[in-house]
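Next come the chains, spelled out residue by residue.
2 protein chains.
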Amino acid sequence: MIVTPQTRRFTDPLPLQSGAVLPAYELVYETYGTLNVGRTNAVLVCHALNASHHVAGWHADASGQPLARSEGWWNNMIGPGKPVDTDRYFVVSVNNLGSCFGSTGPTHINPATGQPWGADFPVVTVEDWVHAQARLLDALGIETLAAVMGGSLGGMQTLSWTLQYPDRVRHAVVVASAPNLTAENIAFNEVARRAIVTDPDFLGGHYLREGTLPRRGLRIARMIGHITYLSDDVMNEKFGRSLRPADDEDPAAVAELAYRYSTLDVEFQIESYLRYQGDKFSEYFDANTYLLITRALDYFDPARAFDGNLSAALARARAKFLLISFTTDWRFSPARSREMVKALLENRREVSYCEIDAPHGHDAFLLDDARYHHAVRAYFDRTVGESLTAEVAHG
Amino acid sequence: MIVTPQTRRFTDPLPLQSGAVLPAYELVYETYGTLNVGRTNAVLVCHALNASHHVAGWHADASGQPLARSEGWWNNMIGPGKPVDTDRYFVVSVNNLGSCFGSTGPTHINPATGQPWGADFPVVTVEDWVHAQARLLDALGIETLAAVMGGSLGGMQTLSWTLQYPDRVRHAVVVASAPNLTAENIAFNEVARRAIVTDPDFLGGHYLREGTLPRRGLRIARMIGHITYLSDDVMNEKFGRSLRPADDEDPAAVAELAYRYSTLDVEFQIESYLRYQGDKFSEYFDANTYLLITRALDYFDPARAFDGNLSAALARARAKFLLISFTTDWRFSPARSREMVKALLENRREVSYCEIDAPHGHDAFLLDDARYHHAVRAYFDRTVGESLTAEVAHG
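If you read the sequences in order, they're chains A and B. So in my numbering, spot 379 of the first sequence is number 379, and the numbers just go up one at a time. So in my numbering, spot 350 of the second sequence is number 350, and the numbers just go up one at a time.
Bound-form chain A, shown alone:
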């Protein structure tokens, strides 16, 4: 499936939760499948921290050939015949405001100054993103969503959709998510932010204007993030205490491997893996975007306006829910999903919940696990599909 991003410009100012107003902005998005005549089969997919609107399929070069490494980040989940079947559903995915992948963000030009927004880009929240996504759906002529879906931070947007636009969402699929961050989650975000902000090349967030890039800070931020995406078990299985080079590359060479007794050189494979992840990330990700997105995570807390009572906060929701969590996910643990299940049941919502016994930690939500994909497929084939059929029969 070859896909092409589209861009839509909005000139109606967007009031943000912070009180700031974004005067005009662009949203980059992709769609897969066909909107049916009744406009009832739309599914919105929300992206997480370092992902984008490019959820499924491949991008193509000028001759129409798929570009290497251009696969969508949830291409195992969404597409023709896949758990979210684009032969049946019209899938929309939007790059969020503040991102560095196309939609208006800190790397774009601030019309007030003619310089990149940088640190002056306003703080955006999950709620702001949902409002912006709703405007795009308005523009696409989609009033009601058959489903909203997302993992991690995308799951937060999904939950927020059911609260901000309860009548526009039939089903919500919330994967590996949480109703807010714990102190430990915030702590990891804060260390990542401090690494970026205290990088001398950050220059108060105006590094683009000054021609620098806070790569050192971004590398550290990404390394920290990466540790929290993986489970202890999968790290031990994948890397353990193996020394460089990979043990299976040249068994003879490995037999001779000894500690080099250095504090600076790579000794363990896990070290070279993390350095590689950090280096790669620092080449393409924007530091201000990283700050904005981790803050959106920190701030999300629908129960906050209800004295911490999640059940009261979710009383507005009208959607039916599928929640999924993974046993070894210590970033957004199953206990956090169960909090949401409990609060929804207290509101007599229809809720399906799957706790998948998977070794991969938080990353599991992106991986091709048969039980996980089966649960999503079954939910879309039956529950979402039934309401679609009912709608058609009714209409």
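Hints are computed from structural coordinates only; laboratory data are not their basis. If a hint is listed, it holds; no wrong ones were tucked in.
One copy or two, either will do: identical chains are not told apart, so a pair holds if it fits within one copy or between any two.
Quick list of in silico lysine to aspartate or glutamate cross-link-like pairs, EDC-like style, CA-CA up to 20 Å:
no., residue 1, residue 2
1, Lys280, Asp201
2, Lys342, Asp307
3, Lys280, Asp363
4, Lys280, Asp265
With chain A fixed as given, assemble chain B onto it according to the hints.
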């Protein structure tokens, strides 16, 4: 109890595991209690990452008054009438080589250059520290230890004592420790090291020579460390999602607290706590010492020479063991202690094991928990004490 550190200079070169040789060195140490005539009541206490020889009691000013904030780091455990009773035992604690608290380390002058050692200080290992500690005990006329004891990295030294000097250790008390680091443990150490090494003020580790200090990197390193010392539960209980200032300081002010929508300012209490810990640490700790000590942790792995077979590695041990772990310690989890217990039992060693249900994470080993202290007290009163009495009766 007012205590005074002592210093002993060694001129016999110390061959290190790396192959390097430390030509001459000083060890700073403290002792508490009195060595008995038979020299059978000595207990060696080994320190962890950022601690020192100053285990118990208080330091005094010139007039003999206790200095503020000079309490030993394990003063709740060690002293007259305490679980390790200095009325009965002669406790010795040694600052390890490579430290920044007195014993020869990277902040000292390298006699070969007349400049601070800095990054040229040789890599030291747990085994090297144990050898150096043994030399100090030789100098103090202590052949056999009634017990060796330590938590975390101190527990690794304790375990190593039973393998390097099996005939010199009667009892080993290993608290909140592990037989080696997991990939995740190494990963956190590596991120901390990268934060330090990529700080532009690190200058290849020769910052003292150049008159700078890599404080930014040290701050990040400490923040990461601190997260791993605490449990998710205790962080939620202590900080949760509370905003600055502390919720209990001025309830009226707190009621008005709202998000400030900033990526740079402190919003959550956990953030100001971590920043404070990082700032404080960066004022007194040496960056090269941090690199050396985290590397000593990474390298420790007695099973490595036995193809990963811990049981085979521990076959040399002759001591009796008390192991203690804490349920919420995710840095050195109870599972890691149980690995050691299992390997010791396979070698028919006498082992007591306590798994303490405590909410405080890895930090629990430093805290005053009644069940924990009772276990240590009982072990020293009965098991260690009995062998002491037997020795005296025998001798």
